[in-house]
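With these hints in hand, go ahead and build the complete structure from the sequences.
In case you want the letters, here they are:
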Amino acid sequence: MARTPRETEEPKPFAYEMLRDSGNQVAEKYGLVFTLPDDLREIYLKFGIDLARGNGDGTWRLPVPARFVIDRQGSIRAVDADPDYTRRSEPARTVEILEGLRRS
Amino acid sequence: MTLQEKLDTMREASKTRIPPEARAVMQRSIDDLRASGIMTRVARVGQTAPDFVLPNASGRSVSLKELLARGPVVLSFYRGRW
Chain A
2 MARTPRETEE PKPFAYEMLR DSGNQVAEKY GLVFTLPDDL REIYLKFGID LARGNGDGTW
62 RLPVPARFVI DRQGSIRAVD ADPDYTRRSE PARTVEILEG LRRS
Chain B
1098 MTLQEKLDTM REASKTRIPP EARAVMQRSI DDLRASGIMT RVARVGQTAP DFVLPNASGR
1158 SVSLKELLAR GPVVLSFYRG RW
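Residue numbers (the working numbering), protein chains in the order written: chain A, 2 to 105; chain B, 1098 to 1179.
The reader is advised that the hints may include incorrect statements.
Computed cross-link-like contacts, DSS-like style, restricted to lysine-lysine with a CA-CA straight-line distance of at most 30 Å [stated by the list, open to error]:
1) Lys1112(B) to Lys30(A)
2) Lys1103(B) to Lys47(A)
3) Lys1112(B) to Lys47(A)
For the record, the hints were derived by calculation from the structure and aren't laboratory data.
As the structure is a computational prediction, the values presented were derived from the model and not from experiment.
Okay, structure coming up:
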């Protein structure tokens, strides 16, 4: 069976960039970083989650989950962030905003 | 189904796994974080997005500037394990 050109190309795991923000340095620039309180750390450790080790920098810091839409000029056009990590930006809304940018 | 509907289902399911005392600490930490005023420090609409250079999944350095040269950018900060 003939292989499609796609199959012969280098595997491309993501259609978007996945970037590693070591030390939460960029999250810091966007004002998103906080440190987990001690009692919450104990609970996470009981769950087997060692954030300090996962972070690789010994800190218990995380970003507030957030979504920014940035226009071609580098200006922030939309922000969606919530301290409640069980609430995330709705992808359909992001698409609407991008379509709005394309029309403007 | 929206993403939030899926997340709400997951949150309900987690209640059977996570003891009430632990859930109370988790909820309080969210409330405290909200009360800390962190949201007043988050980058806002109309501001210039702070530039950055970060390694991508292949280890290549990627800058916001070069991404913007290709078009508008959706920048998502998330937490979790996979």
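- Message: Just to be careful, I want the Cα atoms of lysine 1112(B) and lysine 30(A) compared with a cutoff of 30 Å; is the pair within it?
- Response: violated, 34 Å
- Message: For a C-alpha distance cap of 30 Å, please report whether lysine 1112(B) and lysine 47(A) respect it.
- Response: holds, 16 Å
- Query: Does the structure keep lysine 1103(B) and lysine 47(A) at a Cα separation of 30 Å or less?
  - Reply: It holds: about 26 Å lies between the C-alpha atoms, which stays within 30 Å.
Taken one by one, the earlier hints fail for this structure only at number 1.
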